[in-house]
Each structure stands twice: as C-alpha cells, then as structure tokens.
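J.: Sequence:
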Amino acid sequence: MVNPCLPDLQNRTLHTCVHGRCVNPIVIKQQSGREVTTHECDCFEGFEGPQCSHVIEKHHALALGYILGPVAAILLVLCLLGCMLFLFVARNKRANQGTYSPSTQEMTGAARNQMPVIHKVPLQERLI
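The UniProt record's numbering applies: residue 1 is where the sequence shown begins, and numbers increase by one.
Where hints are given, some of them may not hold.
[Stated by the list, open to error] As a list, the in silico DMTMM-like pairs of lysine to aspartate or glutamate whose alpha-carbon atoms are at most 20 Å apart:
hint, residue 1, residue 2
1, Lys29, Glu40
2, Lys58, Glu48
3, Lys58, Glu40
[Claimed, not checked] Okay, the calculated beta carbon distance ranges per label pair:
hint, residue 1, residue 2, range
4, Leu85, Ala61, 34 to 42 Å
5, Asn92, Leu62, 57 to 65 Å
6, Val77, Pro50, 36 to 44 Å
7, Pro4, Val71, 49 to 57 Å
8, Leu87, Gly46, 23 to 31 Å
9, His59, Thr16, 25 to 33 Å
10, Ile74, Glu40, 14 to 22 Å
11, Glu57, Arg91, 56 to 64 Å
12, Pro4, Ala72, 51 to 59 Å
Quick caveat, the hints were computed from the structure, so don't treat them as lab data.
This structure is a prediction, so every number in the text was calculated from the model and none was measured.
Idealized CB from N, CA, C, for every residue including glycine.
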C-alpha cells in the first residue's frame, strides 16, 4: 500500500488535506477484503474540518490604540487651547490694571513730585 502522506517522485500526494498536514496514515481492511488507506489532517491555523477546508471566522477586536489615540490627541489640543486662553486673559487684565505700587516707591525712596499751587494767593488790599 502507498502512504498517502508521502509525496511521490513528481512531488504529488494522495491525501485530501487542503490546508493542513497529513498525519496518521492507517491501512484498513474492508469486509470485502479490499485494503484502503485513511489518514487524518492536522489543520493550519485558521482552518478546520476533516480536510481542513473550512475557514474559521476571526473576530477582530477593535484595537485599544484606535480609541485612546484620538481621545488623547483631543485632550491635548483642549489643554493647549485652555492654556492659551488663560494667558490671553491674564495679559489683558494686567494691561488694564497698571503697575502702580506705592510700597515699592516708598522702599526705593523715589523722589516725590510736588504739586503745583492750584490757588493764587490774593493780592493784599491797601487802604488809601
């Protein structure tokens, strides 16, 4: 009997495994006296069935990076916009409030500006 798992001189095999390896070749004697060879198939990954001809449906899970990547990018953009808005508002408030600081001027001994006399002294009246 010919082993169905081994290739012949032209590299052909007699087994029926489509996507798998032929394993456990066995010779069985039928009731009629005829000898028949049988074998089993060791299927490659992704295939199943007696001849490894049925494709196993793969359930593709959504990768976590496809969700977390855009969410992280959106949060980063929102944080940057928030910081820019804060700086813009802080700059405008500082421009409106001025920089007068009486304690600093007292500590440094800045010269005082005398106010000009607002009222003129009236002329003296003379009696004739």
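J.: Work down the list of hints and note, for each, if the structure agrees.
T.: For each hint, the structure was consulted:
1. For the proposed pair Lys29 and Glu40, the alpha carbon gap of about 17 Å is at most 20 Å, so the pair holds.
2. Between Lys58 and Glu48 the CA atoms are separated by roughly 12 Å; this keeps the pair inside 20 Å, and the hint holds.
3. Annotation: proposed proximity of Lys58 to Glu40 is violated, straight-line Cα distance about 24 Å (limit 20 Å).
4. Our hint of 34 to 42 Å for Leu85 and Ala61 holds, since their Cβ atoms are close to 39 Å apart.
5. For the pair Asn92 and Leu62, the beta carbons lie near 45 Å from each other, so the given range of 57 to 65 Å is not met.
6. Judged by the Cβ atoms, the range 36 to 44 Å given for Val77 and Pro50 is violated: they are separated by roughly 56 Å.
7. About 56 Å separates the C-beta atoms of Pro4 and Val71, a value consistent with the hinted range of 49 to 57 Å.
8. For the hinted restraint 23 to 31 Å between Leu87 and Gly46, the CB-CB distance of approximately 56 Å leaves it violated.
9. For the pair His59 and Thr16, the supplied restraint of 25 to 33 Å holds, since their beta-carbon distance comes to about 29 Å.
10. A beta carbon spacing of about 54 Å between Ile74 and Glu40 contradicts the range 14 to 22 Å that was offered as a hint.
11. Between Glu57 and Arg91 the beta carbons are some 60 Å apart, a value that agrees with the proposed interval 56 to 64 Å.
12. Between Pro4 and Ala72 the Cβ separation comes to about 56 Å, which falls inside the hinted range of 51 to 59 Å.
Hints 3, 5, 6, 8 and 10, counting from the list given before, are not met by this structure.
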